[in-house]
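K.L.:
Please model the entire structure based on the sequences and the hints provided.
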Amino acid sequence: MRKIGAVLIDLSGTIHIDNTVIPGAIQALNKLRATDVKIKFVTNTTKESKRILHDRLTCIGFTIDKDEIFTSLTAARQLVDKRALRPYMLIAEAAREEFAGVSGQDPNSVLVGLAPECFDYEHMTTAMRILLEGSPLIAIHKARYYKRSDGLAIGPGAFVTGLEYSTGCKAEVVGKPESSFFHTALQDLGVSAAEAVMIGDDARDDVCGAMTAGLRGILVKTGKYRAGDEDKVDPVPSFVADDFPRAVDYLIENGLSLP
Amino acid sequence: MGCKATLSLGPSPVTLHCEPTRKGGRMGEWLRSPIRGVLLDITGVLYESSAEHGTVIPGSVKAVNRLRESGMPFRLVTNETTTPTKVLLDKLRSFGYQLEERELFSPIPAVVKLLHQEQLVPHLLVHPKVEGELRVGEKGSPASCVVLGDAEDNFSYANLNSAFRALMVMPRPRLITLGYGRYYKHNQQLQLDVGVYAKALEFACGVESEVVGKPSPAFFNQALADMGVQAKEAVMVGDDISSDVEGAQKCGMRGVLVRTGKFTSSLLPHPTITPDCVVDNLAEAVDQILAAKGKN
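Which chain is which? The protein sequence lines are A and L, in order. Each number in the numbering used here corresponds to the 1-based position in the first sequence with 89 added. Each number in the numbering used here corresponds to the 1-based position in the second sequence with 371 added.
Rather than coming from a laboratory, the hints here were simulated on the basis of the structure. Any given hint could turn out to be false.
Claimed, not checked - So the derived list for chain L, only partly shown, Cβ under 7 Å to chain A, looks like this:
1. TRP401
2. TYR528
3. PHE535
4. GLN559
5. LEU563
6. VAL567
7. ALA571
8. PHE574
9. ALA575
10. VAL578
What the hints assert, rightly or not - Calculated cross-link-like contacts (lysine to aspartate or glutamate; reagent style EDC-like; alpha-carbon spacing at most 20 Å):
11. A:LYS127 x A:ASP277
12. L:LYS556 x A:GLU253
13. L:LYS556 x A:GLU222
14. A:LYS236 x A:ASP125
15. L:LYS664 x L:GLU471
16. L:LYS556 x A:GLU211
17. A:LYS236 x L:GLU573
18. L:LYS433 x L:ASP461
19. L:LYS500 x A:ASP277
20. A:LYS321 x L:GLU579
21. A:LYS321 x L:GLU573
22. L:LYS433 x L:ASP658
23. A:LYS310 x A:ASP320
24. A:LYS310 x A:ASP107
25. L:LYS457 x L:GLU419
26. L:LYS603 x L:GLU419
27. L:LYS484 x L:GLU472
28. A:LYS136 x A:ASP195
29. L:LYS433 x L:GLU474
30. L:LYS500 x L:ASP524
31. A:LYS92 x A:ASP125
32. L:LYS484 x L:GLU504
33. A:LYS259 x L:GLU573
34. L:LYS556 x A:ASP125
35. A:LYS155 x A:GLU186
To be verified - Computed from the model, here is a short list of chain A residues facing chain L with C-beta under 8 Å:
36. ASP209
37. MET213
38. THR214
39. ARG218
40. GLY240
None of the values given here were measured: they were computed from a predicted structure. Idealized CB from N, CA, C, for every residue including glycine.
P.N.:
Laid out in structure tokens, this is it:
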């Protein structure tokens, strides 16, 4: 049994869906905070900046510090700065403030986030032409689909895959399920991967991704979860819970340890 | 001027005639064995596509006439799905091409046949101009497949999402794509082709595409059968190194790449595909084919 020192918690689909709280999630989070584990909220949500996301969560009743949120947008910004890139950005309007100060003039790269409003033929064709010049393709994440209030919707991963095929390039992915994302998230908590657990609704990107990075993984059956998802990933989740409150109860019942 | 040599290439000796080509030097390797039929791509070989009418490629009309006059059977094999075949034919005729409808092989009639044969009801993501031809099956029946064509601006997020959702609820999802190209030339610039969106849906839904059109062997074989010619006796001339050249070679045909259309010099040398020949344009390909014709 391994003692858990840190819990990484997915946001969309795990503790909320848009402006709806997953029933019991606020109380469950409070219960978790009463223990001595360190907590970080990790998300591939790229449709809005950290500030807007934090506002939304606060509005619907969660008590979360902005610094407790680590997004794939943050990870992408770090990469863009490190390599002094000038990206052609297929990014939601509400996410652009994360890239304030980044120049898109004479682009030498393409950056793709979750941006339905940018996934039209014209934008995609422009992106292809830039990539054909040999520029790198950075994908904030490669989700196949995501859960919206009106059902499942095709994710940016599909468009990234299309661009890879068109140009023969390979995208660099900065968000889940890349191991680097989970390790960076744990960095300032001072907890190793082996002492951490990820809780999320995406069997592949949340749970399998985390476990491949060395963390434990708890899959919750809310959000984008579909029956049988736990059987489609390797390694299988450390635990499968009906929802976030049940996942927290399970952790606490087991003395904050997981096999 | 020429030479004659007798080689042993198996059970019986073969006599080769080496003739200089127009560019000098020996006859290309690809012309050694008989050519009894030619398949021609359209966009990028016969004409360059643009928003208005497009422009004919110099020498191509004469080249096609020469094929016809010489008695060399030929067919047009296109993945063009932004325009109905009749409209495409009219356009080609306006450039001076003398063509009959039965000489043109397009994915649209091929997929309509498939839909009828397998009693499939399609969810369409195609160009508005060809939608009418593809509305098959009983109205109101749930879709049993998605048919993807070159929808151009119709490749909106909303439409991709509808196609995605349609596939996700099918008990046995089938994704039929009219071609698998990566890009093509239009208005003098490269733009995305249908294959990009096929890959996108494959990834999102975890399904495999069924390709109707190039480079599907069934599509090429249909044209070959129509000419009564075997693959090893046929040459495909096209501007797409994958769909045209590699597709042809995988069927047993020879594949010739033209430097018109979507060709860019950065394509060659290609890591995996070696065209049987690379020529400037269709005129050059036909010159070589007809020069060799008399010799085989």
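K.L.:
Confirm or reject each hint.
P.N.:
Structure-based check of each hint:
1. Interface hint at TRP401 of chain L: violated, since its Cβ lies 26 Å from the closest Cβ of chain A, which is beyond the 7 Å cut-off.
2. Among the interface hints, the one on TYR528 of chain L holds; its C-beta lies about 4 Å from the nearest C-beta in chain A, closer than the 7 Å criterion.
3. A least Cβ separation of about 4 Å between PHE535 of chain L and chain A falls short of the 7 Å threshold, and the interface hint therefore holds.
4. Evaluation of the GLN559 of chain L hint against chain A yields a violated restraint, the C-beta minimum of about 12 Å exceeding 7 Å.
5. Hint on LEU563 of chain L holds. Least Cβ distance to chain A is approximately 5 Å, under the 7 Å limit.
6. Restraint check, VAL567 of chain L versus chain A: the minimum CB separation of about 4 Å is within 7 Å; hint holds.
7. A distance limit of 7 Å between C-beta atoms decides the matter here; for ALA571 of chain L the minimum to chain A is near 4 Å, and the interface restraint holds.
8. The criterion of a C-beta within 7 Å of any C-beta in chain A is met by PHE574 of chain L, whose closest approach is roughly 4 Å, and the hint holds.
9. Among the interface hints, the one on ALA575 of chain L holds; its C-beta lies about 4 Å from the nearest C-beta in chain A, closer than the 7 Å criterion.
10. Taking 7 Å as the C-beta contact cut-off toward chain A, the hint placing VAL578 of chain L at the interface is violated, the least distance being around 11 Å.
11. Between LYS127 of chain A and ASP277 of chain A the alpha-carbon distance is near 10 Å, which keeps this suggested pair within the 20 Å criterion.
12. Taking the CA atoms of LYS556 of chain L and GLU253 of chain A, the gap is about 18 Å. The hint holds against a cut of 20 Å.
13. For the proposed pair LYS556 of chain L and GLU222 of chain A, the alpha carbon gap of about 16 Å is at most 20 Å, so the pair holds.
14. As the CA atoms of LYS236 of chain A and ASP125 of chain A are separated by approximately 32 Å, the hinted pair breaks the 20 Å bound.
15. Between the alpha carbons of LYS664 of chain L and GLU471 of chain L the distance comes to roughly 24 Å, so the proposed pair goes past 20 Å and is violated.
16. Proposed proximity of LYS556 of chain L and GLU211 of chain A is supported: the alpha carbons are some 14 Å apart, at most 20 Å.
17. For the hint pairing LYS236 of chain A with GLU573 of chain L, the CA-to-CA distance comes to about 19 Å; that is within 20 Å, so the pair holds.
18. Between LYS433 of chain L and ASP461 of chain L the CA atoms are separated by roughly 18 Å; this keeps the pair inside 20 Å, and the hint holds.
19. For a cut-off of 20 Å, the pair hint linking LYS500 of chain L to ASP277 of chain A is broken: about 56 Å separates their Cα positions.
20. Using a Cα cut-off of 20 Å, the hinted pair LYS321 of chain A and GLU579 of chain L holds, with the two alpha carbons roughly 17 Å apart.
21. In summary, the hint linking LYS321 of chain A to GLU573 of chain L is supported, as the alpha carbons are separated by about 17 Å, within the 20 Å threshold.
22. For the given pair, LYS433 of chain L sits about 11 Å from ASP658 of chain L by alpha-carbon distance, which is consistent with the 20 Å threshold.
23. At roughly 13 Å between alpha-carbon atoms, LYS310 of chain A and ASP320 of chain A fall within 20 Å of each other, so this suggested pair holds.
24. Restraint check: the Cα-Cα separation between LYS310 of chain A and ASP107 of chain A comes to about 17 Å, which is no more than 20 Å; the hinted pair holds.
25. Simply put, LYS457 of chain L and GLU419 of chain L have alpha-carbon atoms about 18 Å apart, close enough for the 20 Å limit, and the pair holds.
26. Taken as a hint, the LYS603 of chain L and GLU419 of chain L pair is broken in the structure, with Cα atoms around 29 Å apart against an allowance of 20 Å.
27. For the suggested pair LYS484 of chain L and GLU472 of chain L, the alpha carbons sit about 17 Å apart, so the restraint of at most 20 Å is met.
28. Under the criterion of a C-alpha separation no larger than 20 Å, the hint pairing LYS136 of chain A with ASP195 of chain A is inconsistent with the structure, at around 24 Å.
29. At roughly 17 Å between alpha-carbon atoms, LYS433 of chain L and GLU474 of chain L fall within 20 Å of each other, so this suggested pair holds.
30. At most 20 Å may separate the alpha-carbon atoms for a hinted pair to count; LYS500 of chain L and ASP524 of chain L meet this at roughly 12 Å.
31. About 11 Å separates the Cα atoms of LYS92 of chain A and ASP125 of chain A, which keeps this hinted pair within 20 Å; it holds.
32. Annotation: proposed proximity of LYS484 of chain L to GLU504 of chain L holds, straight-line Cα distance about 11 Å (limit 20 Å).
33. Straight-line distance between C-alpha atoms of LYS259 of chain A and GLU573 of chain L comes to about 17 Å, which keeps the hinted pair within the 20 Å bound.
34. Between the alpha carbons of LYS556 of chain L and ASP125 of chain A the distance comes to roughly 61 Å, so the proposed pair goes past 20 Å and is violated.
35. Of the pairs offered as hints, the one joining LYS155 of chain A and GLU186 of chain A holds, with about 15 Å between alpha carbons and a cut-off of 20 Å not exceeded.
36. Because the beta carbon of ASP209 of chain A sits about 5 Å from the nearest beta carbon in chain L, less than 8 Å, this interface hint is met.
37. With a least beta-carbon distance of about 6 Å to chain L, the hint placing MET213 of chain A at the interface is held under the 8 Å criterion.
38. Hint status for THR214 of chain A: holds, given a least beta-carbon distance of 5 Å to chain L, under 8 Å.
39. Restraint check, ARG218 of chain A versus chain L: the minimum CB separation of about 6 Å is within 8 Å; hint holds.
40. Checking GLY240 of chain A against chain L: minimum C-beta separation of about 7 Å stays under 8 Å; hint holds.
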